[in-house]
Amino acid sequence: QKEVEQDPGPLSVPEGAIVSLNCTYSNSAFQYFMWYRQYSRKGPELLMYTYSSGNKEDGRFTAQVDKSSKYISLFIRDSQPSDSATYLCAMSGSGGSNYKLTFGKGTLLTVNP
Amino acid sequence: DGGITQSPKYLFRKEGQNVTLSCEQNLNHDAMYWYRQDPGQGLRLIYYSQIVNDFQKGDIAEGYSVSREKKESFPLTVTSAQKNPTAFYLCASRTFVWREGSTGELFFGEGSRLTVL
Chain W
1083 QKEVEQDPGP LSVPEGAIVS LNCTYSNSAF QYFMWYRQYS RKGPELLMYT YSSGNKEDGR
1143 FTAQVDKSSK YISLFIRDSQ PSDSATYLCA MSGSGGSNYK LTFGKGTLLT VNP
Chain B
8 DGGITQSPKY LFRKEGQNVT LSCEQNLNHD AMYWYRQDPG QGLRLIYYSQ IVNDFQKGDI
68 AEGYSVSREK KESFPLTVTS AQKNPTAFYL CASRTFVWRE GSTGELFFGE GSRLTVL
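Respectively, the protein sequence lines represent chains W and B. At position 35 of the first sequence the residue is numbered 1117 (my numbering), and the sequence of numbers has no breaks. At position 64 of the second sequence the residue is numbered 71 (my numbering), and the sequence of numbers has no breaks.
No lab work stands behind these hints: they were computed from the structure. From the three backbone atoms N, C-alpha and C, an ideal C-beta is built for every residue, glycine too. Please note that a few of the clues may not be correct.
Lysine-lysine pairs mimicking DSSO-like chemistry, simulated, CA-CA at most 30 Å apart [unchecked claim]:
| # | chain 1 | residue 1 | chain 2 | residue 2 |
| --- | --- | --- | --- | --- |
| 1 | W | Lys-1124 | B | Lys-90 |
| 2 | B | Lys-16 | B | Lys-64 |
| 3 | W | Lys-1124 | B | Lys-16 |
| 4 | B | Lys-77 | W | Lys-1124 |
Label pairs and their computed distance ranges (CB to CB) [as the list claims (entries may be wrong)]:
| # | chain 1 | residue 1 | chain 2 | residue 2 | range |
| --- | --- | --- | --- | --- | --- |
| 5 | B | Lys-90 | W | Ala-1111 | 12 to 22 Å |
| 6 | B | Asn-35 | W | Pro-1096 | 35 to 45 Å |
| 7 | W | Ser-1110 | B | Leu-124 | 43 to 53 Å |
| 8 | B | Thr-27 | W | Pro-1195 | 40 to 50 Å |
| 9 | W | Ser-1151 | B | Asn-35 | 33 to 43 Å |
| 10 | W | Pro-1195 | B | Pro-15 | 30 to 40 Å |
| 11 | B | Gln-63 | W | Pro-1096 | 38 to 48 Å |
| 12 | W | Gly-1098 | B | Thr-86 | 41 to 51 Å |
| 13 | W | Arg-1159 | B | Ser-29 | 37 to 47 Å |
Please put together the full structure from these sequences, using the hints given.
Shown next, in the form of structure tokens:
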């Protein structure tokens, strides 16, 4: 079983739709959970960050972490064409195990006007 | 503006040649990383360095070498021993999570695309 699983898509939705992106993981030591957005031919940029379990909201974006199920989600409300990008989940442990992030393979999202 | 600068953005190499990708950061970050990105493969860690003059192999270090002589710089050399070097290379840096105020966020450069002819 891979440490982090992410459906690569591609996912295509109409403008205004609610988008749900998900990752599952197997390492119970993961404490820090992040979502990165990567536009074509660019470096990834941090979109959302969550420590341990819970929800976090930032504008149209909501990140959820369920550590009991080892499942994280990113919701995008009122999706826009500018949201078209690859979304990567990433996670790391704490203390000595947090030296690196483990990434999912990314989900390619297209929002159609 | 603070950030991570990678150069060159595009690079072509003939088989059998070594090439060096530059990565410089002015964020005063402790740790620096090199990732390789291939279609459908996600980000794979090549090398990382947590302090100057020290670095560790990541998951796919074979055929690559690095140095960390300065805190700001972490160049990656793709050697002729790397069998399939054509890829998008990303450099990143972060502060340690235990530093006050740090989230451990990984900041990325804009990437270098290497093509072997």
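Each hint, compared with the structure:
no.: 1; hint: W/Lys-1124 - B/Lys-90; verdict: holds (25 Å)
no.: 2; hint: B/Lys-16 - B/Lys-64; verdict: holds (24 Å)
no.: 3; hint: W/Lys-1124 - B/Lys-16; verdict: holds (10 Å)
no.: 4; hint: B/Lys-77 - W/Lys-1124; verdict: holds (26 Å)
no.: 5; hint: B/Lys-90 - W/Ala-1111: 12 to 22 Å; verdict: violated (33 Å)
no.: 6; hint: B/Asn-35 - W/Pro-1096: 35 to 45 Å; verdict: holds (44 Å)
no.: 7; hint: W/Ser-1110 - B/Leu-124: 43 to 53 Å; verdict: holds (46 Å)
no.: 8; hint: B/Thr-27 - W/Pro-1195: 40 to 50 Å; verdict: holds (43 Å)
no.: 9; hint: W/Ser-1151 - B/Asn-35: 33 to 43 Å; verdict: holds (38 Å)
no.: 10; hint: W/Pro-1195 - B/Pro-15: 30 to 40 Å; verdict: holds (35 Å)
no.: 11; hint: B/Gln-63 - W/Pro-1096: 38 to 48 Å; verdict: holds (46 Å)
no.: 12; hint: W/Gly-1098 - B/Thr-86: 41 to 51 Å; verdict: holds (50 Å)
no.: 13; hint: W/Arg-1159 - B/Ser-29: 37 to 47 Å; verdict: holds (40 Å)
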